[in-house]
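Can you build the whole structure from these sequences, using the hints too?
Protein chains in written order, with the numbering used here: chain A, 1 to 638; chain B, 1 to 209; chain C, 1 to 356.
Just so you know, the hints here were simulated from the structure itself, not pulled from any lab data. All figures in this text were calculated on a predicted structure; none of them were measured in a lab. Take the hints with a grain of salt, since some may be wrong.
As the list claims (entries may be wrong) - Subject to a maximum C-alpha distance of 30 Å in a straight line, what follows is the list of computed DSS-like cross-link-like pairs (lysine-lysine): (1) 567(A) x 77(C); (2) 324(C) x 290(C); (3) 497(A) x 77(C).
To be verified - Partial list, computed: chain C residues near chain A (C-beta under 10 Å): (4) 52; (5) 74; (6) 77; (7) 112; (8) 182; (9) 215.
Note that beta-carbon positions come from the ideal geometry of N, C-alpha and C, so glycine has one too.
Here's the letter readout for the chains.
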Amino acid sequence: MTLATKLRGPGWYRAAISQPIAFLFAFGLVALVRSLYGWDPVVDWEAITTVALITMPLGFIVGIGCFDYWFRWAAGAPTVPEDHSGHGATKWQDYFKVNTDHKVIGIQYIVTTFIFFVIGGLTAMLIRAELAQPGTQFVDPNTYNGLFSVHASLMIFLFIIPVFAGIANFVIPLMIGAPDMAFPRLNALSFWMLPTAGVMMVASFFVEGGAFATGWTAYAPLSTEMPVGQQFFTLGVQFAGASSIATGLNFLVTIITMRAPGMTFWRMPLLVWANFTTSLLVVIATPFIAGSQFFVLLDRSLGTHFFDAGGGGDVLLYQHVFWFYSHPAVYIMMLPGFGIISEVISTHARKPVFGYRMMAFSLVAIVILGFTVWAHHMFVSGMSDWLRVPMMITTLLIAVPTGIKVFSWLATLWRGAIHLTTPMLFALGFITMFTLGGISGIMLGIIPVVIHVSDTYFIVAHIHYVLFGGSVFTIFAGIYHWFPKMTGRMYDESLGKVHFWLSFIFFNLTFGPMHFVGVDGMPRRVADYADEFATMNAFISVSSFFFGLSFLVFLYNMITSWRNGPKAAANPWRAHSIEWQVSSPPPIFNFDEIPTVVGGPYEYGVPGAVHAVFKEEGAPAKATPAPAGGGGAPPPGE
Amino acid sequence: MESASVALGRTHDEDQHDDHHGPPEANQSSRIDASLLGMFLFIISEIMLFGAFFTAYFFIRVVGDTEWPAPGEHLPVVVAGINTAILISSSFTMHWALEGARNENRAALRVGMLTTFLLGLTFLCIQINEYVFIGFAPADNAQGSIFYGLTGLHGAHVFVGLTLLAMATTRAFRGHFTAKEHRGVEVPGIYWHFVDVMWIVVYTVIYVI
Amino acid sequence: MRRLLRKRPALGMALLSGTATAVGIAISLAIDWFPDAASTASKDIDNLWDVLLIASVPVFVLVMSVALYSVFAWKVKPGDTSDGAPIHGHTKLEVVWVTIPFVMVTALALYGWVVLDDIEAKEKDPLIVNVTAQQFAWSFEYPALDKVKSNQLVLPKDRRVELRVKTKDVIHSFWVPEFRLKTDTVPGLTTKVRVTPNRLGRYDVVCAELCGIGHATMRQAVRVVPPGEFQGWVSERKQRAGDGGVAAAGGDTAVAGKTLFADTGCTACHTLADAGSEASAGPPLDDLTKDAAKFGKREGQSAEEYVKTAIEQPEAFVVPGFTKGTMPDNYKKNLSSAEISTLVKYLSDVSGKETK
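Shown next as C-alpha cells:
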C-alpha cells in the first residue's frame, strides 16, 4: 500500500494527519472571526484551545473511519455491500481499527477503560502520597486539586460507566440471542469517542495553569473562572456523555427489538434487565450534564451570565442541573453491577435468583426514584429550604428497593451449592461493602447529619464504599466470570483469590478510617490538613499503597492468562444463559442460527430445565412448560 | 442443559470452516422498527437537553424574578410568529413528501423534500437576521444569555435537521426510496417534526409568555 | 456452639448474631466519633447519630451472618456438580423485607425532620453576625455593635446567634465542626446559620467547599467567650482599630503584628516562619524583604511602601509565578489604617528572620 492510499483510507495514518489539520482549522477559524470582529488579541489561545478541543477529537474520529459509511450514505453514493470485513478480530492489530463486531468493541472498551483505570489509580497514589503527612510535600495545591479532579473524572467517566458498557457490549447480544447490536456502526462510534475524551482529560495536565482543578463536580462559578485546563473537562465530558448516550440508546433498541424467540421480558437474565434500566437512565439523564457543561462553556467563552449572580444568573442552577444527571449517574454506575452480581451469585451458588420479578421491579423502582433525589447533594447548598425534607424522604426510600436486592441475593445463597470461585468471592465482598456503603448512605440521607458531614472525608469514604467496594468489585466479579468466554482461556484461580483478599483487606483499611476522620472534622479536597489527623492519614496512605499494589496481581493474572492460560471450555460454570451455550470465545457471528428460549435463565436445580435450545438440534424441548422464572413459579415438571 | 451443551461444539467449528456466510438473521422481537425506535429514544434525549436549558430559563426568569425581556429590550414577537408559521408549514410538506415516498409518487417526494428544506432554510435565515437586529448580545445579561441559549440550541437543531433533510433530498433526487424502503425519509422526518414541535414550545416560552 | 449450630441452626444463628449485634452496637457507641460539642445543635446531632448506629448495626450483622452462614453451611468442593435447592421465591418473606426497611427509614426520616426543625429554630433577638467569605479568607462584622469588624469570629456563650453568610467570589462553605453546622456561601444569596454556642473555647471556621488553590488552608479562629468578656472584646476591637492592636499587646508591635497576621487569615495563603504558617497560595513572606528590594525598586517604592501597596492594592503588582486576583482586595476596607501599619511594620521586621 502506498502512503497516499494509506492516508486516504480509514485508520491511524489518516487520524494522525487529521490532527494538525484540525488544529490549523481551529486556529484559522478563531483568528478569522476575531479579526473580523476586530477583537484584540486576534490570537487568543483559550479560544483556539476550545475550538481545537472540538475539531481535533472530531478529526480523529473521522480519520480513524467511524463516519466513512455514513458519509457515503449521506452523499447518496451506492453503499458498499456489507462483506463483514469490519467484523471480528483475528490478530491483535484488529483491535486498533474501527470494528463493528460487538465482541471486539466490548474488548476494546474493557481494555481502554482499564488503561484509564490505571491512570486514575496512579493519580490516587499521588494524592495519598501528598496526604501522608500534613503540609505540602510533593505537589503544590493547584496540582493537588488537579490530581483529585482528574482522578474522579477518569474513574467515573472513563472507567466505571464505560467499562460496564464494555462488559454489556460483549455479553448482552449473546445473552439475548442476537447476532450483534442493533446499530453496529453507532456502537463503534461510541467506543472511539471514549479514548478521545480520556486523552483530553489527561492532557489537561500539560496546559498553562494545570489540569482542571474544580473536582469532578466542577461547580460554577469556580469552574467559569479557572484557567484553560477547565475546558478540557467541560468538553471531554461532552464526548464521554455522547458516547454514553449512543451506547445506552443502542442497548435499548437491541434489547427491545432483537431478543431471541421465546425470550419474553420475564425470561431475560437480570444483567439484561439491569442494562435495560441503566440505559433508560443514560438516555434520559445524560443530556443534563451536557447542558450544565454547555452553560459553563458559554459563560467561559462567550461571557454569558448563566452563573453570574451579578448579571441575573443563578449559581444554584448549575448544581440542580448537574445533580439531576449526576445522581442518576450513581445508579448508572451501580445497576449494571447489580445485574452482574445476580448472574454470578446464581451461577456460582447453583440456585435460581430468589424473587426474580422483584429483582427486576426493584431495578425499575430505583430508576424512577433515582430521578427524585438529586437535591440531597445540596442540603447545605443554600437551596430552597422546603425542598430538603421531600428529598430526604425519597432518598431514604431508595433503601427499600436496594434492600430487596441485597436480601434476595442472600436468599439466593441460602441452601445453594456454593462454589467459592474468584467471581463469587468478589460478589460476596461486594455484598459486604455495598451494605456498609448503603448504611452510610442512609446516614447521608438524613439532613441534620449531612449538615455536619457533607464535604468531609465521610463522603469520600461513602462514595468509595459504593463505587469501589460496590461497582468496581462487581466489575472484577464480571471480568473474572466472563474472562473464559471473552478470551477462550481460563484465568489463574489462586491468583484471583490472592487479588480478592488483598484488595478486600486493603480496601477496608484504606477507606474504613476515612469515616472517622471525616466525622471528626477533616474536610475533603484538601491538600493539607490539621495535625490531629496526621496519624490516621499516614495509616490510610500506607494502606492505599498496598491496595494499589494488589491491582498488579490482577493485571499480571489477566495478561498471562490471556496469553498462556489453559483453554477454557465453552461453559466452565455450567451456566444456563445463552452466552455460555456457544464456544469460548464465541464464533464470529455468535450463532449459526438464533436459539429459541424455552424457560427462565436461572433454573438451577430444576431437573431437565433448559433456558434456550438451538433449533437444529431438533431437541423437543418445546415440551417444557417454560416457567417464567418468576417468584414462586412452580418448577417445570419433566 | 443436555441439549444445550450438545449445541456448543458445532456452531463454532462450522464457522471456522466456511467463512462465506454472514450472521444469522436476528429475531424481530418487537413490532417497532429498530431505526424508528432509535430515533424516538434519541428524541427523548434531545428533549432532556432542551429540558436542561428550560431549567436555566426557569431559574433565571422565575426563581431569579428578573424582568422579561430585560429592561429596554424588545423581542420581535410578530416576526418570530411568522417564522413559526413557516416552520410549522414545513412539517406539513415533510408529511407530504413521506406520503409521496409511501405511494411511489416520486414528484411529490422530491418537491416535498425540496420545499421542506427551503422552508427550514428560510426559518434559519430569518432567525439569524433576528440575531443581527435584535439589539442585545448574549453577554449583556442573563436574559440575553438564555434567550440566545434556547433559540441558539434550537437553531443548532434546525441546522442538524437541515443536514439530514439535505441527505434525504439528495437521495430522493438520485432515485432512492421505494414504497417499502423509505426509512431514509421517515427517520429524518420524525426528527424534523420534533424540531418543529420544540420550536412551538420555545416560541411560546420565550416570546409569548 | 458448633454443635448448637449443627443441631439447631436457627437458634444458633440467632444467638451468634444477637451477640454480634450487641458487641457491634457497644463498639460503635464507644467510638469517639465527633470533635468537641460546642453548640446546642451538637447534642441533637450526636444523639441522632447514635440512634442511626443502633439501627444500622443489626442490619449489617444480619446481612453478614446470613452470608457467612450460607458460605460455611453450603460451600461445595470444586468439581461438585450438584445444584442448590430450586427455590424461586417466598412471597411472605419478600413482603417482610419490603415492609421492615420501609418502616425503619420512614421513622428515621421523621426523627431527622424533628431534629432539623429543632436545630434551625428561630429565637427572639439573636446576635447577628455578617460573615463574608472570599478566596481565601473569612471576615466578620457585627452590624448591631457599631459595625465592629474582625477577622476572627468571637461569640458569647449561650446566646442565639444568626450568622448571615455571603461570598464575594465563588462558593465556599462555612463550617465549624464543633458546632456541627455548615452552610455554603453562594454568590447572589445570603445563607443563614443559627447557632447557640454552649462551650467556651477556640475552634476553627473551616472552608468545606472547594474554592481554589487556597481552599485547604482557608481556616480562621472562632472563639466562644463568656458574655462579659464578649462585651470587653467588642470595645477592645474598637480601640484596636484606632491603634492597630499595639496597646492590647502591651505596646509590643511584634506581638500585635503576629496576632493580627494570624487573625486576619494571612496564614491561610502565606508562608511566614515567624508566624509558623506554611501555605503556598501566595508568595512566601519570608522572601518579602528580598522581593520588596527587587520589585519595589522598579516602581520607585520604599520597602514599606511596597508592603503597604501589596496589602491594600494586591492587583497593582503580582509576584511572578502567582496568579492575579488570588489575594482579596478588601483589606484596606476591613482593616483600619493603624492595623495596616502594624502589619506592615511587623512584616518588614520579621521577614527572612529565622525562628529559633
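Okay, which hints does this one fail, numbers in order?
Going through the list in order, the structure violates no hint and respects every one.
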